[in-house]
Amino acid sequence: MANRPFSEFPAHERQDVEAVFRQVGLASQEFEISDVNGTSARQVTVRRQRTGAESVYDASPGNVWVEEFESDLECGLFGQVSV
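Numbering-wise, the working numbering comes out as the position in the sequence shown, counting from 1, plus 2.
Worth double-checking, as some hints may not be accurate.
[Said to hold, decoys possible] Distance windows between CB atoms, simulated:
{"id": "1", "residue 1": "Ser30", "residue 2": "Val58", "range": "17 to 27 Å"}
{"id": "2", "residue 1": "Ser42", "residue 2": "Gln82", "range": "33 to 43 Å"}
{"id": "3", "residue 1": "Gly27", "residue 2": "Ala4", "range": "25 to 35 Å"}
Source of the hints: derived by calculation from the structure; they are not laboratory data. Given the structure is predicted, the values throughout are model-derived calculations rather than measurements. Where is the CB? At the ideal position from N, CA and C, for every residue including glycine.
Construct the entire structure; sequences and hints are all you get.
Encoded structure:
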């Protein structure tokens with residue numbers, strides 16, 4: 003199972019994540035985002051390079067990992083944002 007970089011994610015996911023970054027005043031370049039599509043479920047890993055903070059999200063069908071990521075950003079899991 004190889005990691006897939008964010009640039010290869012489906013267009014709608016990339017657009018949703020970019021919208022979240024704009025909303026909170028951060029640049030996507032500050033983050034490393036990748037996924038692994040395992041045998042049971044797809045998992046997305048997000049890591050903020052400056053802080054080293056990292057979280058893994060369940061991205062299997064029906065899950066809303068982008069909304070969970072947005073919530074984590076807003077509550078400060080990845081460090082301060084300008085919301």
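Going down the list of hints, with the structure as the test:
1. Ser30 - Val58: 17 to 27 Å: 18 Å, holds
2. Ser42 - Gln82: 33 to 43 Å: 35 Å, holds
3. Gly27 - Ala4: 25 to 35 Å: 32 Å, holds
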